[in-house]
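K.L.:
For reference, the chains in residue letters:
4 protein chains.
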Amino acid sequence: MSTGFFGDIKPVKYEGPDSDNPPAYRFYNPDEVVMGKRMEDHLRFSVAYWHSFAWPGGDPFGGQTFERPWFGDSMEHARLKADVAFEMFTLLGVPFYCFHDADVRPEDATFAESAARLDEIAEVFAAKQRETGVKLLWGTANLFSHRRFMAGAATNPDPDVFAYAAATVKKCIDVTKTLGGQNYVLWGGREGYETLLNTDLKHEQEQAGRFLSMVVDYKHRIGFDGTILIEPKPQEPTKHQYDYDVATVYGFLKKFGLEKEVKVNIEQGHAILAGHSFEHELALAAALDIFGSIDMNRNDYQSGWDTDQFPNNVPEMALAYYQVLQAGGFTTGGTNFDAKLRRQSLDPQDLLIAHVGGMDCCARGLKAAAKMIEDKALSGPLEERYAGWNSAEAQAMLKSERTLEQIAERVVKEGIEPKPRSGRQEYLENIVNRYV
Amino acid sequence: MSTGFFGDIKPVKYEGPDSDNPPAYRFYNPDEVVMGKRMEDHLRFSVAYWHSFAWPGGDPFGGQTFERPWFGDSMEHARLKADVAFEMFTLLGVPFYCFHDADVRPEDATFAESAARLDEIAEVFAAKQRETGVKLLWGTANLFSHRRFMAGAATNPDPDVFAYAAATVKKCIDVTKTLGGQNYVLWGGREGYETLLNTDLKHEQEQAGRFLSMVVDYKHRIGFDGTILIEPKPQEPTKHQYDYDVATVYGFLKKFGLEKEVKVNIEQGHAILAGHSFEHELALAAALDIFGSIDMNRNDYQSGWDTDQFPNNVPEMALAYYQVLQAGGFTTGGTNFDAKLRRQSLDPQDLLIAHVGGMDCCARGLKAAAKMIEDKALSGPLEERYAGWNSAEAQAMLKSERTLEQIAERVVKEGIEPKPRSGRQEYLENIVNRYV
Amino acid sequence: MSTGFFGDIKPVKYEGPDSDNPPAYRFYNPDEVVMGKRMEDHLRFSVAYWHSFAWPGGDPFGGQTFERPWFGDSMEHARLKADVAFEMFTLLGVPFYCFHDADVRPEDATFAESAARLDEIAEVFAAKQRETGVKLLWGTANLFSHRRFMAGAATNPDPDVFAYAAATVKKCIDVTKTLGGQNYVLWGGREGYETLLNTDLKHEQEQAGRFLSMVVDYKHRIGFDGTILIEPKPQEPTKHQYDYDVATVYGFLKKFGLEKEVKVNIEQGHAILAGHSFEHELALAAALDIFGSIDMNRNDYQSGWDTDQFPNNVPEMALAYYQVLQAGGFTTGGTNFDAKLRRQSLDPQDLLIAHVGGMDCCARGLKAAAKMIEDKALSGPLEERYAGWNSAEAQAMLKSERTLEQIAERVVKEGIEPKPRSGRQEYLENIVNRYV
Amino acid sequence: MSTGFFGDIKPVKYEGPDSDNPPAYRFYNPDEVVMGKRMEDHLRFSVAYWHSFAWPGGDPFGGQTFERPWFGDSMEHARLKADVAFEMFTLLGVPFYCFHDADVRPEDATFAESAARLDEIAEVFAAKQRETGVKLLWGTANLFSHRRFMAGAATNPDPDVFAYAAATVKKCIDVTKTLGGQNYVLWGGREGYETLLNTDLKHEQEQAGRFLSMVVDYKHRIGFDGTILIEPKPQEPTKHQYDYDVATVYGFLKKFGLEKEVKVNIEQGHAILAGHSFEHELALAAALDIFGSIDMNRNDYQSGWDTDQFPNNVPEMALAYYQVLQAGGFTTGGTNFDAKLRRQSLDPQDLLIAHVGGMDCCARGLKAAAKMIEDKALSGPLEERYAGWNSAEAQAMLKSERTLEQIAERVVKEGIEPKPRSGRQEYLENIVNRYV
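Those protein sequence lines, which keep their order, are chains L, B, H and C.
In terms of full-length UniProt numbering, the first sequence is numbered consecutively and its last residue is 436.
In terms of full-length UniProt numbering, the second sequence is numbered consecutively and its last residue is 436.
In terms of full-length UniProt numbering, the third sequence is numbered consecutively and its last residue is 436.
In terms of full-length UniProt numbering, the fourth sequence is numbered consecutively and its last residue is 436.
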């Protein structure tokens with residue numbers, strides 16, 4: 001039974017590129033087969049509970065703009081929120097959703113009581129999942145909004161906070177497992193510092209390493225077969241966050257021997273804040289074998305904070321999915337819309353339409369990327385560019401069969417003076433433009 | 001015998017804080033003992049040959065502004081340059097200098113001939129070192145200016161460039177060893193990419209790892225006991241450089257098992273371009289045990305490229321040297337002025353005065369940092385902040401003696417609800433201001 | 001009678017540079033005469049009501065951290081807040097404070113009722129001003145926090161919002177006048193856009209110009225002799241704000257013929273976000289004859305949003321006050337601390353100490369700036385650099401007495417080939433370092 | 001007769017969207033009519049002589065990469081360069097080109113001799129223009145590369161440089177007029193400062209105002225009917241440039257009463273460096289009635305310097321041309337490719353292909369923009385959003401017929417409490433995606 005929140009609306013359907021019906025897909029066609037796989041199975045779309053159902057529309061200079069019937073502190077509100085959320089998942093036809101504990105139920109007076117409330121809402125979710133077929137992409141704990149976490153969770157100077165955070169994550173993994181979640185995400189929004197003056201960097205990194213090790217151990221012990229994902233972000237809310245970017249997370253995982261246990265959930269906006277393109281972070285994670293999932297949004301290129309907008313630039317999406325496909329596509333991961341409405345987009349319709357537009361943009365990017373791969377449009381020129389490394393002598397250098405002296409001697413003997421060759425960047429950019 | 005370039009100037013002396021003589025030290029007093037060590041031995045100042053003697057004053061929109069008698073392509077010019085350089089080192093009283101091969105002699109037609117010219121100038125340097133007592137802090141190879149390196153050196157798609165780069169580094173390590181250099185630096189100015197469209201990220205990282213492994217092997221084989229240093233930089237000249245920042249370099253070293261062999265040379269300007277404070281990069285390198293040396297300069301906070309200005313903000317220097325001292329100070333490393341005159345600073349005097357000001361700024365920062373350490377001005381509050389971790393239970397969590405379940409159980413049982421405590425940032429900032 | 005909020009603390013006193021008493025001034029000595037004027041009269045310090053008394057410690061990823069007895073929605077809370085605020089003003093010994101309507105009293109159901117509450121609290125303020133001698137530096141209206149202003153106030157697409165904003169500003173000017181405020185400030189936090197797609201830039205600029213013209217007319221009509229100030233900011237909360245920076249505001253004022261009526265209130269953090277140094281904005285406002293007042297804080301150079309931290313870098317303050325003094329110092333303006341505690345700085349003491357540190361930093365900067373001016377440390381070399389313009393021919397060019405042809409003819413005839421002279425930047429930077 | 005530089009290539013033709021021939025237009029079809037005008041006449045493409053023919057491929061860390069037969073210091077080289085340049089203009093079928101004096105001929109020993117060389121090459125150009133039909137979009141003077149301009153041209157502390165610059169601009173306007181140039185551009189690459197410490201901001205702004213006034217006077221006196229254009233840029237090469245952005249230039253023009261005489265030439269990359277989107281600068285210039293022409297390129301969003309890449313993102317181009325068309329399209333202005341090859345793009349083919357890709361990208365953007373306008377896709381919703389302003393009372397407020405008091409009185413009387421309405425940003429973004 002409908003809550004009526006979205007009015008008299010029918011499930012959003014694929015109508016093809018020529019449709020000008022705002023709540024219709026022009027490119028996202030779940031059953032369409034792309035590179036041998038259904039689009040739905042490629043993209044694995046997920047809606048983020050927090051932005052769409054918990055965020056009131058505030059920013060640092062203004063308060064709530066959205067008026068939602070489920071805003072409130074009671075469990076009744078929480079249940080109504082769940083009703084509308086699953087209603088939207090179904091209207092959109094997305095296969096997945098994600099949530100933090102704090103999004104789905106109000107905290108109670110004690111840890112134990114808050115945990116009980118989480119169980120209560122999890123039962124609601126379980127029923128709704130059965131009913132709608134919508135699945136949980138990942139669960140996560142909000143270890144950053146409450147003032148107890150103001151100086152970090154795992155990396156707090158107070159071991160009681162570390163303990164509280166550990167208990168919280170345990171609970172959230174339990175619930176994620178119960179709901180069949182396919183991943184568990186850690187975003188360390190307060191794992192970092194505001195000033196080095198009051199921070200013991202080394203101690204905090206040890207805390208973080210220990211915390212993550214316990215999480216991995218626990219996962220194995222309880223037989224949770226989802227993937228543990230870290231979500232990098234360079235800063236905001238803190239001045240510096242330890243999971244700065246993919247490369248930093250990789251070094252951290254290596255330090256604690258966890259690089260085969262944990263992967264990354266890469267967000268476009270976070271990549272931009274770290275000074276990277278989205279495709280860079282994706283390509284790097286793939287090269288380091290830690291690619292897991294993506295948080296899809298876009299950042300305003302002229303703003304220095306996380307704007308979490310819905311993606312709308314198809315050429316950028318094509319480059320992103322090109323990397324995803326080159327990495328073998330998603331396994332447990334997916335495309336989670338960690339995107340929020342602009343705070344002026346007040347209407348229920350806006351919530352639907354924003355997701356429709358974002359999904360279409362991704363679908364269009366995916367199709368372009370798949371076609372480029374099938375045509376070897378970029379991989380052909382790439383192979384040619386590195387072809388020199390196929391020679392026996394080049395392979396010997398690369399495979400530790402030559403010393404610096406031997407190479408130096410050969411350079412002198414053969415009078416090697418390399419001839420630069422065109423990098424053909426503009427040519428390759430033009431090729432991409434044929435596909436988008 | 002003086003070249004006359006600096007006119008009728010005497011060696012720069014320490015004259016104390018009240019001096020208003022432009023070419024005099026107001027704070028840098030080499031023999032003054034700070035925390036049990038001479039200032040000269042703490043700071044280990046070094047002049048960078050390239051900016052001060054090889055750079056003509058150009059920028060992307062304009063050409064040469066400096067008119068130096070040694071600008072030219074002959075070995076005579078190279079020798080005159082060496083004369084003036086050592087004259088300046090002596091006038092300043094700096095104990096060290098640094099150079100790339102390309103700074104000190106013109107290339108010749110072949111690799112072998114260029115190498116011979118390097119040997120020739122190295123003999124000149126050796127004599128001057130003996131004569132003046134000035135020592136070589138580090139040597140390095142310029143693997144980024146010549147067009148053969150336009151698509152990278154170790155990470156070039158062409159294995160001939162890899163070979164050429166390997167031969168060049170071998171030669172430069174040989175010369176560095178001969179001259180008693182205390183470190184050897186690799187800055188990968190072109191080790192990165194302009195566009196992912198033509199880049200095989202994984203292949204290039206393998207190339208880089210192999211290259212560095214060979215360098216380390218070679219160092220040991222020839223008994224060079226200096227430190228191998230990587231200098232991180234996020235971008236510029238390329239869109240993305242692989243040695244992005246300290247955290248990235250650490251991950252790279254771990255991947256190739258080199259984290260005990262190689263350290264980092266941290267530059268203020270590069271830290272800023274990567275979105276970090278200088279002190280962050282220093283603190284992180286210390287925490288990861290890869291701190292080696294520093295390239296001292298400053299970046300304009302409003303400019304998005306490497307401005308390489310002389311440092312002039314004492315409070316910032318105090319925070320930087322605080323981290324250096326906390327890391328145990330320099331061993332083989334030092335404070336290299338990788339700083340260039342503004343291109344309008346045409347006069348010989350400017351070259352001297354810029355270094356004098358920069359050295360004074362560092363000395364003043366060092367003294368403030370040392371005093372803060374002696375007073376436990378920051379470390380006292382820091383210990384207090386993390387004191388909770390000294391409890392038995394907290395140590396048990398940190399030392400892998402507790403599981404997530406055990407901790408969660410304790411949180412429930414003890415009804416743990418952490419009480420936030422003030423981070424006291426402004427208090428600590430005010431304390432720093434007492435020292436600078 | 002004390003509220004007891006700050007505990008058993010005495011008014012903060014000047015104790016000289018050697019004091020290590022946290023709540024004591026080491027440099028701010030109100031009665032000390034600098035360049036012929038008392039420091040208090042130079043600096044004209046003001047505390048911002050909003051950050052210190054209304055802000056709960058939230059950020060985009062976390063909620064309230066501060067626990068203040070005056071947080072709440074009643075007029076009783078508002079009165080308690082006023083008690084503590086004036087207590088702090090008195091403890092600090094600042095001569096001024098500032099406020100928005102929204103900071104000092106809760107809104108009520110209608111405009112008229114909200115206005116009545118403002119009058120009520122204004123009476124409280126008037127009494128406290130008489131009692132303590134603290135004065136109002138400026139008043140202002142909060143036209144950005146309430147959802148009615150989400151799409152702008154003066155520049156809203158809805159003329160009812162324009163009207164509501166006009167009524168609000170009228171009311172706030174009335175109250176400001178009543179309280180003897182020396183300025184009235186307009187910060188257009190929502191006067192801008194989130195996307196050009198839904199924005200009629202030209203229409204909105206016309207609205208803004210009309211609005212400001214009405215404000216100026218009103219001021220004259222009621223005989224308010226304070227200065228109308230616009231506070232530039234480039235973005236945040238919106239993507240683009242119309243009062244981007246000083247230069248933009250100047251163009252806007254010229255367009256509507258208001259450049260003699262309105263001046264600017266320059267904030268350090270806003271300057272940084274616009275890509276400028278603080279001193280640039282100050283110097284430019286002085287050159288354009290629209291310098292009015294300053295909002296003192298600092299922005300984290302590595303963060304892309306407004307961090308509003310207390311200033312702590314003395315060399316930067318010296319350069320800022322150098323510009324203020326060169327502009328003739330403040331007339332109606334002053335140094336308002338638009339700075340907020342870090343959200344982890346929970347203790348009442350933090351609030352005091354942060355201001356003490358900031359005031360000391362400013363005082364120290366002011367003294368350094370004054371000494372530089374007295375010594376002509378910078379102005380001497382500056383005059384020399386532009387001395388060529390004193391020649392008759394140069395003056396003729398500058399005074400419209402030469403045409404392009406005449407000048408071109410002279411260049412050819414005299415064979416003019418200008419000789420570059422050193423800009424001596426490092427020399428001048430070293431000079432500044434003698435004073436800070 | 002062909003120089004042979006581009007090998008055996010035919011003029012680039014329109015082949016339609018399905019073509020995969022690299023040197024063919026897929027969207028640029030000069031004679032195709034869009035909104036009642038030929039595409040060629042809409043876009044008015046121009047090639048920039050400097051990047052394509054004068055730039056050697058250097059960057060701050062590396063030297064020349066391109067090997068062009070016309071690189072050299074003689075007038076023979078200059079003539080060969082002209083031959084190849086016009087060959088490329090013809091192959092591409094662009095109607096326009098642009099140049100600085102310094103691009104087209106080597107300087108000689110004196111101003112007079114350099115001017116004579118400019119005349120000499122201008123005769124070559126005149127002949128080639130007649131022969132090929134290619135026209136001059138604009139001429140300009142390079143007042144930033146030579147060391148004489150290191151501290152500015154019009155804003156130099158040395159009046160001799162001002163004079164030299166004035167003579168140079170006079171000469172360049174003369175040549176531009178002779179060649180039938182449709183505009184004359186001033187880009188103040190050195191009109192700014194490196195440090196405020198040695199800068200008299202007010203004096204330099206007076207110099208700049210006087211200089212521009214003389215240029216405008218001269219233009220009228222000689223009957224040059226082209227448009228004088230200022231090209232804004234915020235910084236680089238200098239720390240701060242006076243022509244920061246469109247808003248700043250407008251204020252400057254107003255100050256000197258030139259806002260009806262001078263327009264702006266807006267560059268995408270410069271907009272980005274100033275913290276703006278390209279479409280913002282275009283929309284603002286149109287709103288201020290100073291829109292003139294565009295320098296088309298793109299900036300890497302992750303790089304902090306001017307990357308001057310060829311445009312390749314169609315959705316961005318659509319938004320840009322939407323603003324151009326809304327502003328009425330170009331009159332004397334056009335789309336000048338101020339874009340340079342990546343320095344690794346060594347081949348003659350790269351030069352052609354880069355322009356082909358860029359032109360196609362613009363053409364595709366133009367067509368999308370035109371269709372949006374014809375469909376009122378964005379203007380319809382926009383009108384609706386501002387419809388409230390059509391009421392009599394709203395118009396009265398806007399037309400100076402109401403005072404603040406009157407409006408305030410009405411707010412109270414009518415109990416106005418505005419109701420926020422959705423800004424529909426995502427809906428509008430989705431609409432744009434229907435067109436690109």
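For the record, the hints were derived by calculation from the structure and aren't laboratory data.
Don't take each hint at face value.
You can't tell identical chains apart in this list, so a pair holds if it fits in one copy or across any two.
[Said to hold, decoys possible] Cross-link-like lysine to aspartate or glutamate pairs, in silico, DMTMM-like; alpha carbons within 25 Å at most:
| hint | residue 1 | residue 2 |
| --- | --- | --- |
| 1 | K371 | D18 |
| 2 | K260 | E393 |
| 3 | K37 | D119 |
| 4 | K376 | E405 |
| 5 | K371 | E316 |
| 6 | K255 | D119 |
| 7 | K260 | E32 |
| 8 | K260 | D160 |
| 9 | K413 | D108 |
| 10 | K413 | D174 |
This one's a predicted model, so the numbers in the text were calculated from it and none came from an experiment.
K.L.:
Look at each hint and say if it fits the structure.
P.N.:
How the hints compare with the structure:
no.	hint	result
1	K371 - D18	both (21 Å within a copy, 14 Å between copies)
2	K260 - E393	neither (32 Å within a copy, 29 Å between copies)
3	K37 - D119	neither (36 Å within a copy, 62 Å between copies)
4	K376 - E405	neither (39 Å within a copy, 50 Å between copies)
5	K371 - E316	both (15 Å within a copy, 23 Å between copies)
6	K255 - D119	neither (35 Å within a copy, 41 Å between copies)
7	K260 - E32	neither (34 Å within a copy, 52 Å between copies)
8	K260 - D160	neither (29 Å within a copy, 34 Å between copies)
9	K413 - D108	between (77 Å within a copy, 16 Å between copies)
10	K413 - D174	between (65 Å within a copy, 19 Å between copies)
Violation of the numbered hints given earlier is confined to hints 2, 3, 4, 6, 7, 8; the remaining hints are satisfied by the structure.
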